[in-house]
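Protein chains in written order, with the numbering used here: chain X, 1158 to 1533; chain G, 4 to 203.
Simulated from the structure, these hints should not be mistaken for lab results.
All values reported here derive from a predicted model rather than from experimental measurement.
A portion of the hints provided could be inaccurate.
[Said to hold, decoys possible] Calculated lysine to any residue pairs in the SDA-like style (CA-CA distance at most 20 Å, straight line):
#1 X:K1493 x G:D76
#2 X:K1493 x G:S47
#3 G:K58 x X:R1527
#4 G:K43 x X:A1519
#5 X:K1493 x X:A1519
#6 G:K58 x X:Q1502
#7 X:K1493 x G:R114
#8 G:K104 x G:R198
#9 X:K1530 x X:M1512
#10 G:K43 x X:N1492
#11 X:K1530 x G:D76
#12 G:K43 x X:N1523
#13 X:K1493 x G:S27
#14 G:K58 x G:D76
#15 X:K1493 x G:R111
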Amino acid sequence: MSSSVGIVSAQRASFNTPLQCKSGGVLPRYDLVYETYGTLNADKSNAILVCHALSGHHHVAGYYADDEKNIGWWDNMIGPGKPVDTNKFFVIGLNNLGGCHGSTGPSSIDPASGKPYGSDFPMVTVEDWVESQARLADLLGIRRFAAVMGGSLGGMQAMQWAISHPDRVRHVLAIATAPCLTTENIAFNDVARNAILTDPDFHGGDFYQHGVVPTRGLRLARMLGHITYLSDDAMAGKFGRGLRSGDYKYGYDIEFEVESYLRYQGDKFAAYFDANTYLLMTKALDYFDPARHSERNLAAAFMPVRAGFLVLSFSSDWRFSPQRSREIVKALLHNKRDVSYAEIQSRHGHDSFLMQDEQYFAAMRNYLNRVAKECQ
Amino acid sequence: MTASLLQLRPDFAAIAAWTPAGTSVLDLGCGDGSLLDYLKTERSVRGYGVEIDDKNILRCIERGVNVIQSNLDEGLSGFDSGAFDFVILSQTLQATRHTEKLVREMLRVGREGIVSFPNFGYWKNRLQILRGHMPVSDELPYQWYDTPNVHLCTLRDFEKLCDDMGIRILDQRVITGGHEVALLPNLLGSTAVYRIRRGC
Chain X
1158 MSSSVGIVSA QRASFNTPLQ CKSGGVLPRY DLVYETYGTL NADKSNAILV
1208 CHALSGHHHV AGYYADDEKN IGWWDNMIGP GKPVDTNKFF VIGLNNLGGC
1258 HGSTGPSSID PASGKPYGSD FPMVTVEDWV ESQARLADLL GIRRFAAVMG
1308 GSLGGMQAMQ WAISHPDRVR HVLAIATAPC LTTENIAFND VARNAILTDP
1358 DFHGGDFYQH GVVPTRGLRL ARMLGHITYL SDDAMAGKFG RGLRSGDYKY
1408 GYDIEFEVES YLRYQGDKFA AYFDANTYLL MTKALDYFDP ARHSERNLAA
1458 AFMPVRAGFL VLSFSSDWRF SPQRSREIVK ALLHNKRDVS YAEIQSRHGH
1508 DSFLMQDEQY FAAMRNYLNR VAKECQ
Chain G
4 MTASLLQLRP DFAAIAAWTP AGTSVLDLGC GDGSLLDYLK TERSVRGYGV
54 EIDDKNILRC IERGVNVIQS NLDEGLSGFD SGAFDFVILS QTLQATRHTE
104 KLVREMLRVG REGIVSFPNF GYWKNRLQIL RGHMPVSDEL PYQWYDTPNV
154 HLCTLRDFEK LCDDMGIRIL DQRVITGGHE VALLPNLLGS TAVYRIRRGC
């Protein structure tokens, strides 16, 4: 029987060693918020790090005592008896640096100025995140992770872990991810960023002082992003050409069901997400490209990797297509690393990695059962 | 376990005998991963399987066998040339659509190829055809209307294909009921295993 990890609470870790970012910026001190589920075993060998994607955070599983409806974003995957079984593993979820859910980010107060960082917050990359996560692992006494896992941008972090810290990762579960973004992906991100950057309420990133939020830009960015996370099939299946009032109104108000859905998603997102965080996350996506330092040869970039890999893609995911996952597999094969790859048949597009699916979950479960045996 | 497995898949012993310890293999159409598991345990062989079926993928992952989900009929473009010591096509040849292309591909990716297949020329198969029916047996357990086998062949057919493609046959085992067949192999052998490589 699988169930929820139950009531969870976030923890905060403060770091006073300056973090030198790839962009040249420096964070003299920073906080990371995180949650843990399950029990760390005596030799601290059963820890799994869950890296989040663009809009994710540290609240990965379970719910809060004072807000039972606030269920973790990957709760279907993680819990007692679930594919990531918290009876076996000690699971860590954190909010990445630059985030807006408690870890130090552009909306946090800069102790040096007493004002929100805003435009002063340094650009952070996947490599910087991995360094900050490694410091959290140090703090928790975890020398080597049983696995580092994530979907999309989270999968990029998991891969970077295996490159940057080969001796600290036994396994990587890289889901619906890619060795770098496609041109088209960067283009989508740029449109989303432009929506925010050109919003008059953005104020060059320092909108906090003006008491405004670039809501219009943020919701447009989210609406666009949301379309690309779904598949044409999934949207057609969910909304078709359905009309809210049953007939054409010949106006610009919400008419089609899909418009209603997108605007709702955009509004919901703009109400809680920080515009600067959105910009940072999309840039981190654009910049991630391990082959950049090895003349575009991914196999060469993967040379330090020691971890075993489970690579999963989804048939209808056109933003991080199966072809991109096969590039990862090929580079691992070239380095004679242990790797298994499955292409999950799913119609939900990129969002499939967040959905419950029999084949997907069984692949995760079977792989992690092997990992659990290794770590005992 | 091993004894019953060998009974079930008599070609495994021949394949294991040809793959020295520590070599690398790619098993095309690896099914539930039992051959790779066997080679890993018995011969410390480092291997990967290619498989298309969802259930088989799960069983490979479950037993800790590296498996890549892929359609063999789409070629082996995901694998570098010369990446493996051996590329194995165990009881899969007859179910591939672009058989000639795949054989060429396996000898690009592997230094040597090992191919096993049910011998359509086995006397029991011939007898069933003489009686007016498509053969059904332990090696060919399907009815004509539900078989995945689209390219069945005899030993002689396979040898001719190798000849036509300039492929060298390095070794050959013919097996019936777990025993090697020396006499009239194309008539008396139910399963054939060939070790091949590109001709010079």
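Going through the hints against the structure:
1. X:K1493 x G:D76: 24 Å, violated
2. X:K1493 x G:S47: 15 Å, holds
3. G:K58 x X:R1527: It holds: about 17 Å lies between the C-alpha atoms, which stays within 20 Å.
4. G:K43 x X:A1519: With a Cα-Cα distance of about 24 Å, the restraint between G:K43 and X:A1519 is violated, given a limit of 20 Å.
5. X:K1493 x X:A1519: 25 Å, violated
6. G:K58 x X:Q1502: Status holds; Cα separation ~13 Å.
7. X:K1493 x G:R114: 16 Å, holds
8. G:K104 x G:R198: Holds, because 17 Å separates the two Cα atoms, which is no more than 20 Å.
9. X:K1530 x X:M1512: 27 Å, violated
10. G:K43 x X:N1492: 19 Å, holds
11. X:K1530 x G:D76: 36 Å, violated
12. G:K43 x X:N1523: Within the cut-off at roughly 19 Å; holds.
13. X:K1493 x G:S27: 9 Å, holds
14. G:K58 x G:D76: 19 Å, holds
15. X:K1493 x G:R111: Roughly 17 Å separates the two Cα atoms, so the pair holds.
In summary, the numbered hints that this structure violates are 1, 4, 5, 9 and 11.
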